[in-house]
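Keeping their order, the protein sequence lines are chains A and B. 7 is the number that my numbering gives to position 7 of the first sequence; each next residue is one higher, with no gaps. 44 is the number that my numbering gives to position 44 of the second sequence; each next residue is one higher, with no gaps.
Please note that a few of the clues may not be correct.
Same chains, same names: a pair is fine if it fits in one copy or spans any two.
[Said to hold, decoys possible] Subject to a maximum C-alpha distance of 30 Å in a straight line, what follows is the list of computed DSS-like cross-link-like pairs (lysine-lysine):
no.	residue 1	residue 2
1	Lys13	Lys81
2	Lys81	Lys104
3	Lys112	Lys21
4	Lys2	Lys13
5	Lys81	Lys112
6	Lys21	Lys81
7	Lys112	Lys13
Because the hints were derived from the structure by calculation, they are not lab data. In this text, all values refer to a predicted model and were calculated from it rather than measured experimentally.
Now for the letters of each chain:
Number of protein chains: 2
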Amino acid sequence: MKALEERILREGKVLPGDILKVSGFLNHQLDVDFLMQMGEEIARLYAGAGVNKILTIEASGIALAVAAAAHLHVPVVFAKKNATTNLSDDTLYSARVHSYTHEKDYNVIVSKEFLYPEDRVLLVDDFLAVGNALHGMIEIVNQAGAEVCGAAIAIEKGYQHGGDDLRAAGIRVESLAVIDSMENGHIVFRR
Amino acid sequence: MKALEERILREGKVLPGDILKVSGFLNHQLDVDFLMQMGEEIARLYAGAGVNKILTIEASGIALAVAAAAHLHVPVVFAKKNATTNLSDDTLYSARVHSYTHEKDYNVIVSKEFLYPEDRVLLVDDFLAVGNALHGMIEIVNQAGAEVCGAAIAIEKGYQHGGDDLRAAGIRVESLAVIDSMENGHIVFRR
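Kindly generate the complete structure, drawing on both the sequences and the hints.
What follows is the structure, encoded as structure tokens:
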């Protein structure tokens, strides 16, 4: 998506530790009009794929998931990162995910009330690097006996190969921008 | 908002510990078409109020904030609940908030990059009970020297008086549904 690539070049900051900071429009402050355009593009890509539900992980995936769902007219389920007092264990699907950003493991949980074998699920997230969050979501969809239609990502770090590994495994992965290199702070997109 | 009251009566579950569970459309699974209607109503209520930014707190406030912002055409800033490795302390506004749901205190933080003295901020959240989250957001807006235009809430527990205390303090609080009693699992809305 050309507009996203331009936005990343204009506002993204490459920080030490392989971090691309886009908190001005995607992560901390949200440019909602622009997010809705990204959601529209995701809906265009997955039109006709039979998606009836979107799954994402709190917190930074929620906004893009809502934007996509507003155009696909399907509900969003967001996996939670910790069990809350409102959810008890035997009613949950869960997976263990390692976060490189926060340097720790966490559980992602989804209530069994909200995923069924007949669901055709689109996975949505803001970033894709090695693919840990996506693998966690896929595990949860599999636990529910539901089907993964594919994944829609805002920004994929192509050089970390998480997306390509999933594609090689037969999963459709659509990223609105794929970065093939950020060496020396210079961002190169995949063509 | 009549449609929200009807939805709460139809799907909401009153659980021990004064919990209203609406995770089927607002908290864990999101009915995005319905959320967009709520966002449209918030935009109608605050049309002409000069709002140029929405502030919410991750994670469950984000979806409603995005829905409101999509109709008000302003950016959303979401306060984060823990400092991440992407943010360093001297660049932050922060406030301490007590969560009764999770029975703990947490910090909410907003990068100084995203709030300015000239901002006119609408606070958005899914629930309002005693008002701790709103007070935390107001403290952050005050730290930035910005102005609070008001708050927009999906569900207010009116009998906990957080909303009325804020109204008495001169802050505009618009809740799409105000519950005045949940005794014995019977939900009574404010007229």
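Among all the numbered hints in the text so far, which are the ones the structure does not match? none
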